[in-house]
Amino acid sequence: MNVVVVLAHPCSDSFNHALAATAVEALTGAGHHVDLLDLYALGVSAALSADERRAYHGDQPILDPVLATHADLLRTAEALVFVYPTWWSTLPAILKGWLERVMVPGLAFVFDDQHKVRPGLTHVRRIVGISTYGSPRTYVRLINDNGRRTLMRALRLNTGWRTRTRWLGLYAIDTATDSQRAAFLRRVREAMVAL
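Using this note's numbering, you'd call the opening residue of the sequence shown number 242 and step up by one each time.
Worth double-checking, as some hints may not be accurate.
Stated by the list, open to error - Below, a list of computed lysine to any residue pairs in the SDA-like style, where the Cα atoms sit at most 25 Å apart:
#, residue 1, residue 2
1, Lys357, Ala424
2, Lys337, Val351
3, Lys337, Gly270
4, Lys337, Ala424
5, Lys337, Phe256
6, Lys337, Ala287
7, Lys337, Trp408
8, Lys337, Ile414
9, Lys337, Arg316
10, Lys337, Arg295
11, Lys337, Gly272
12, Lys337, Arg378
13, Lys357, Asp300
14, Lys357, Ala287
15, Lys337, Val245
16, Lys337, Leu304
17, Lys337, Gln355
18, Lys337, Val358
19, Lys357, Met393
20, Lys337, Arg367
21, Lys337, Ala271
22, Lys357, Leu283
23, Lys337, Asp354
24, Lys337, Leu283
25, Lys337, Gln421
26, Lys337, Arg366
Said to hold, decoys possible - Estimated spans, in silico, between C-beta atoms of each pair:
#, residue 1, residue 2, range
27, Glu431, Asn243, 37 to 45 Å
28, Thr363, Asp305, 48 to 56 Å
29, Ile384, Ala334, 17 to 25 Å
30, Asp300, Leu383, 42 to 50 Å
31, Arg378, Val434, 40 to 48 Å
32, Ala424, Gly375, 12 to 20 Å
33, Leu383, Asp292, 38 to 46 Å
34, His364, Ala271, 36 to 44 Å
35, Val351, Thr418, 12 to 20 Å
36, Asp419, Gly272, 26 to 34 Å
37, Ala334, Tyr297, 14 to 22 Å
38, Gly375, Ala262, 17 to 25 Å
Derived by calculation from the structure, the hints in this document are not laboratory data. As the structure is a computational prediction, the values presented were derived from the model and not from experiment. For glycine and all other residues, C-beta sits at the position ideal for the given N, C-alpha and C.
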């Protein structure tokens with residue numbers, strides 16, 4: 242299976258980087274072809290420019306050549322794995338911006354003959370979200386988990402309802418023990434092997 246892993250954390254020594262490395266290693270070991278997109282290391286901008294907005298519904302909606310290569314990977318991806326910290330109850334700005342700049346008409350969605358929006362990523366069979374939270378799970382559920390909703394609901398509208406989703410969250414990471422972190426890494430490894 243072709244898997245695209247999208248990582249959104251600025252610090253290379255972060256637990257999120259360890260999670261992404263674990264996911265890539267497990268997926269590769271299970272025989273999948275994996276492309277890792279480390280958004281910060283690639284220098285991806287979070288902001289949609291005025292030129293990009295003007296081009297959005299045109300023939301060339303992606304102006305950034307780096308993002309165009311990401312779009313090419315998405316055209317053959319069968320699984321998408323997102324690894325990121327939940328900040329302010331949602332995705333980091335770089336990941337939100339990446340979605341806005343890459344999930345464009347003609348790729349993420351298409352228009353049918355009646356000009357109705359239809360999924361464009363119907364070849365994606367799995368979406369996996371892996372996130373860390375500073376808050377405990379009860380607090381996250383109380384205020385809504387907007388990043389999770391964006392990936393598991395909104396993005397899934399672009400893949401189709403047959404796409405299977407999986408969510409892996411480590412809550413209250415600021416007070417998590419080494420053994421809790423190790424257990425979560427094992428959980429991520431097992432989920433990727435079973436993908």
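For each hint given before, does the structure comply? Return the numbers of the non-compliant ones in rising order. Structure breaks hints 1, 3, 4, 11, 14, 17, 21, 22, 23, 25, 27, 28, 31, 34 and 35.
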